[in-house]
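Residue numbers (our numbering), protein chains in the order written: chain A, 66 to 464; chain B, 10 to 102; chain C, 5 to 320.
Errors might be hidden in some of the hints.
To be verified - Derived pair list, reagent style EDC-like, types lysine to aspartate or glutamate, alpha-carbon separation capped at 20 Å: (1) B:LYS53 <-> C:GLU16; (2) C:LYS100 <-> C:ASP134; (3) C:LYS15 <-> B:ASP72; (4) A:LYS360 <-> A:ASP375; (5) C:LYS100 <-> A:GLU261; (6) C:LYS95 <-> A:GLU334; (7) C:LYS100 <-> A:ASP332; (8) B:LYS75 <-> B:GLU97; (9) B:LYS94 <-> C:GLU21; (10) C:LYS100 <-> A:ASP256; (11) C:LYS95 <-> A:ASP332; (12) C:LYS105 <-> A:ASP275; (13) B:LYS35 <-> C:GLU21; (14) B:LYS75 <-> C:GLU16; (15) A:LYS382 <-> A:GLU316; (16) A:LYS357 <-> A:GLU379; (17) C:LYS179 <-> C:ASP203; (18) C:LYS15 <-> B:GLU18.
It is worth saying that the hints were derived from the structure and are not from the lab.
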Amino acid sequence: MKVETETRGIRTGMTGNAAVAYAVKQADVDVIAAYPITPQTVMVEKLAEYVNNGELNAAFVPVESEHSALSTCVGASLAGARVFTATASQGLALMYEILWIAAGLRTTIVMGIGNRALSPNINIHCSHDDAYAARDTGWIEFFAENVQEAYDLTLQAFKVSEDKRVLFPSMVNLDGFILTHSLEALNVLRDEEVREFLPPKEPVNPIDPDNPMTYGPLDLQDYYIEHRRQQAEHFRMSYPRIVEILNEYSEFTGRRYSPIKTYMLDDAEIGIMVLGSSAGTVRYTVSKLREKGVKAGVISLTLYRPFPVDEVREHIKGLKVLAIMDRSYSFGSPGAQLFMDVATSLYNVKERPLLFNVIYGLGGRDLTPDQVELVVNKALEVAREGEVRETQIWVGVRE
Amino acid sequence: MARWSSWKELPIGNILPTPGSSAEYKTGGWRALKPILHKEKCIKCLLCWAQCPEPAIDRLDDDSVKINYDYCKGCGICAAVCPVKAIEMVMEE
Amino acid sequence: MSEVKLIKTIKEIPREELFAPGHRLCAGCGIPILVRMVLKAIPGPKVVVTATGCLEVATTIFPYTSWKVPWVHSAFENAAATASGIEAAMKVIERKRGGKKAKVIAFGGDGGTFDIGLQALSGALERGHDMIYICYDNEAYMNTGIQRSSATPTGASTTTSPAGKVIPGKLERKKDLIGIAIAHGVEYAATLNPAYPVDMYNKIVKAASVEGPTVLHYYTPCPTGWYFDTSRTIEISRLAVQTRLWPLYEYDHGVYRINIVVKKPKPLEEYLKTQGRFRHLLRPENKWVLEKLKESIEEQWNRLVKLAQMSGQKIY
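Work out the full structure: start from the sequences and follow the hints.
Here is the structure:
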């Protein structure tokens, strides 16, 4: 039974993979080129079903590797098509070389990632290694916290990437198995509503035999740095446009989207920053601890790249301690990836909280309220002592 | 030669919207030997035109040929393939 | 296969040049001879994809480009995959909202085709994209400084298979690209050689007229990597055919046809002595490698003759 609720759309139940695939179908994509890898497979299988049943008029290109998947998408995007692909973990790692090229050539590819740990050992469950590995490449990165967000962000990603003031490819990250395979309730827009929000792609400089251009020439020392500078500036300037489109979608659907979400942060002394599905667990634990008088709050990121520097600086005001949770690890670095992003953003700010890094959930290890409570207690300890003795702790590990 | 001097002026996305612009780069300066066409011997077979790598041999309306010294690298293929030896390679000045 | 307009003389080759001079390919390079011919032989709108390599690097040094058709380069091993994407997109866009179609042409060197690009090529051929894949084979990774590839012929000296005191050059055999293409079920595949321009032109026309993937394998001498005087490019190309080292043949919808039947092959030494990369093979202590090369040439020729005879060609 389809039920209408306060926010726009029809109430239904879907897994993360199915929701993303449904959004892609509604976006009337032209080309899909993807290679199977757990936990993304169902996303791609559903799309193949839509195409073969005539529900989606698109070319489904069953490529022979992820590297070819993204290369095929690059070609298709340059030819003016609306393009989608999906992968995870090893697949994203295999595509790595082309990620830079897809961004530098200003393709508008949207890619769904079922976040999965990187080998060794081979593990099909959730970590954010794969998404973080792409953080330098010039892709816009969104993180979905639940299936509703996975659906909504996919639609927004197309609009963001194809916007003439943006023109960068984007990734929609959803936790492997936790979101990709979990059935949750969500509101899906009607086809005509999607069409209203997301008009067809108007390609910029597409391949045109009547207007021949050279795409991807060679740069010597006299042009490379200028090309990079241009891309850097454009990527930086895409940030306000992204916020604009998130706001537009929020208006359109009644579901609020912004680069950062906060929970009970106003008078908080302790902050926990997290992204992905664990945000829910952290909020739950914090709400319980609030009942006991602990002044804790949660910051979760929906937009990871371009990193919302100003918003982070804004929201940490008043915090004594901020615990930054990373579901990944960066060997030999002064902290894991999100920690480094935040620490760098806050370094030059006069009044800032003490920071420490929490490594959790690797390879699908569950984040439990116990572990979150441990993190809060650690933060309280740091607040009491006024210094960070252990910059990085691991939770949920059998020591 | 910097066609665009600031990163702000560069075409977006690393592309080059100037088809055939390599013609602005005259490779004629590369050669040590130079082909001289003896027109009276030419039988208009067009082999030199077909097999010049640059191309630095223009095919005229009447199917005679003219060497384009702006680009000729002096490889000598034209002289080597001409069936009547109508092209002679001489030292460049 | 749609109507094809074959030619008999060079004069019939179209005049228009879609490839501009001013590129930085070496004097005497055989690659642009191919490119000019391809752009003339294939009618209508075209899109070219090129793998990283000599052709890509020397013809598109920003802000100069020799290409007067849309041209795309993404990476080294993915010319066939990038071309697949362009082909798929153009088909879909035309179907959904009307758009411009163009023939997709992919160029890859022997490195970018035989080695690192083989997987992408295999995938593209299996999926049946409408494109013509042309490998320009200078028999080594020339752009990066003459390293061996799986297309380097037995005995050749390259920087990673040098003619040393213990191991005299590359000992492995050359891969059979046309055979690989045929194994994927392509409708047309052929070898090309710049010393036979009319044959070359006609094969490009035939390949391009197929609606589906086709593979062409072009022989190109490299003065820089093979060590010979730049004027001898065509002479050496002809010798390659006349010693049976480079058979000119085509596979056309199940029929094998040898286009130049070399009844009395010239001795291989005549070909080898033109190039510095084979000089060591003429020394007595390396005779065994020379014999290996001769054996493989004979085996390849005999196999092709049998295939052509089975297809109905009257040879001998």
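Q) Within 20 Å, alpha carbon to alpha carbon, are LYS95 of chain C and GLU334 of chain A? A) 58 Å, violated
Q) Do the alpha carbons of LYS100 of chain C and GLU261 of chain A lie within 20 Å of each other, as the hint requires? A) 18 Å, holds
Q.
Tell me if the straight-line CA distance from LYS53 of chain B to GLU16 of chain C falls inside 20 Å.
A. Holds, because 13 Å separates the two Cα atoms, which is no more than 20 Å.
Q) Is the straight-line distance between the alpha-carbon of LYS105 of chain C and that of ASP275 of chain A 20 Å or less? A) Given pair LYS105 of chain C, ASP275 of chain A holds - Cα atoms ~11 Å apart, limit 20 Å.
Q) Are the Cα positions of LYS94 of chain B and GLU21 of chain C separated by 20 Å at most? A) At roughly 25 Å apart (the allowed maximum being 20 Å), GLU21 of chain C and LYS94 of chain B break the hint.
Q.
Can you confirm whether the C-alpha distance between LYS75 of chain B and GLU97 of chain B stays at or below 20 Å?
A. 14 Å, holds
Q.
Hint check: LYS100 of chain C vs ASP134 of chain C, CA-CA at most 20 Å. Holds or violated?
A. Answer holds: LYS100 of chain C to ASP134 of chain C is near 18 Å, not above 20 Å.
Q. Holds or violated: are the alpha carbons of LYS100 of chain C and ASP332 of chain A at most 20 Å from each other?
A. Roughly 54 Å between the alpha carbons, so the hint for LYS100 of chain C and ASP332 of chain A is violated.
Q: Take a quick look at whether LYS360 of chain A and ASP375 of chain A sit within 20 Å of each other, Cα to Cα.
A: Violated, at roughly 24 Å.
**Q.** 20 Å Cα cutoff - pair LYS95 of chain C, ASP332 of chain A
**A.** Distance of about 57 Å is beyond 20 Å: violated.
Q) Given the hint that LYS357 of chain A pairs with GLU379 of chain A, does the C-alpha gap stay at or below 20 Å? A) It is violated: about 27 Å lies between the C-alpha atoms, which goes past 20 Å.
Q: Take the C-alpha atoms of LYS75 of chain B and GLU16 of chain C, compute the straight-line distance between them, and say whether it is at most 20 Å.
A: 18 Å, holds
Hint compliance for this structure: hints 4, 6, 7, 9, 11, 15, 16, 17, 18 are not met, and every other hint is.
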